[in-house]
Amino acid sequence: MDAPLADVCRATSAAPYYFPPYNFETSKPFNLVDGGVAANNPTFLAVCEAMKEQKTDFHKFVILSLGTGATNESGKLEVGDGEWGIADWLWQDDNSTPLLDILMTASDEMTEMYMSKVFQYSGLEQNYTRIQVELKHSEAKMDNSSKENLEILEKIGQNLAKNNDTKLEDLARRLVKIRKARLAHMVA
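So for the sequence shown, UniProt numbering puts the first residue at 1; every next one is plus one.
Check before you lean on any hint, since a few could be wrong.
Cβ-Cβ distance ranges computed for the label pairs, FRET-style [as the list claims (entries may be wrong)]:
no. : residue 1 : residue 2 : range
1   : 35        : 141       : 11 to 21 Å
2   : 87        : 173       : 46 to 56 Å
3   : 92        : 54        : 43 to 53 Å
Heads up, simulated SDA-like pairs for lysine to any residue below, C-alpha to C-alpha not over 25 Å straight-line [stated by the list, open to error]:
no. : residue 1 : residue 2
4   : 55        : 182
5   : 180       : 57
6   : 162       : 150
7   : 155       : 165
8   : 136       : 153
9   : 162       : 122
10  : 141       : 17
11  : 141       : 40
12  : 141       : 70
13  : 60        : 45
14  : 162       : 181
15  : 136       : 182
16  : 155       : 55
17  : 155       : 137
18  : 162       : 151
19  : 60        : 167
20  : 141       : 159
21  : 147       : 161
Note that these hints are calculated values from the structure, not bench results.
For each residue, glycine too, the CB sits at the ideal point set by N, CA and C.
Generate coordinates for the entire structure from the input sequences, incorporating the hints supplied.
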């Protein structure tokens, strides 16, 4: 495709409902929306692409998968009398979107479970690190760019990094070791 990175980033952040599709042209026209619509957690797709393009052995992958936050809304879908119509699935009075939330969470969690199990069953669990944070619904709202919410999210991010220090340091050491081994192999 050979598109400018700015166009790719803008297109992949065009979340339906919040932003219009983003269009640009390279050798052909593109009208794109947020990649999360198809793959909220693109780890599996990235691994498949790398294996296809680079003919890389799966055992050589070391993956850090960073989530953008997930809501834990247990009990949120209490249906009461059970007479929900399509509008109830699409939009609630608290501005939540139950169907969209379910689809995005399911996609993300299935990818996480699959990747985790593939690495575990291959004896490579140390090569896959997933970091995700639980957010309150109010914190996760994509249209909440208030100064207060941005400060809350910044603090959540700082705590997330601090709480995962050991995982990240282990990953960094592993990557340095791999890099040194590759450089030594190139010199030899």
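Against the structure, the hints:
no., hint, in the structure
1, 35 - 141: 11 to 21 Å, "holds (20 Å)"
2, 87 - 173: 46 to 56 Å, "holds (52 Å)"
3, 92 - 54: 43 to 53 Å, "holds (45 Å)"
4, 55 - 182, "holds (17 Å)"
5, 180 - 57, "holds (19 Å)"
6, 162 - 150, "holds (18 Å)"
7, 155 - 165, "holds (15 Å)"
8, 136 - 153, "holds (11 Å)"
9, 162 - 122, "violated (29 Å)"
10, 141 - 17, "holds (12 Å)"
11, 141 - 40, "holds (16 Å)"
12, 141 - 70, "holds (11 Å)"
13, 60 - 45, "holds (16 Å)"
14, 162 - 181, "violated (29 Å)"
15, 136 - 182, "violated (43 Å)"
16, 155 - 55, "violated (40 Å)"
17, 155 - 137, "holds (16 Å)"
18, 162 - 151, "holds (17 Å)"
19, 60 - 167, "holds (19 Å)"
20, 141 - 159, "holds (20 Å)"
21, 147 - 161, "holds (21 Å)"
Checked against the numbered hints listed earlier, the structure breaks hints 9, 14, 15, 16; every other hint is satisfied.
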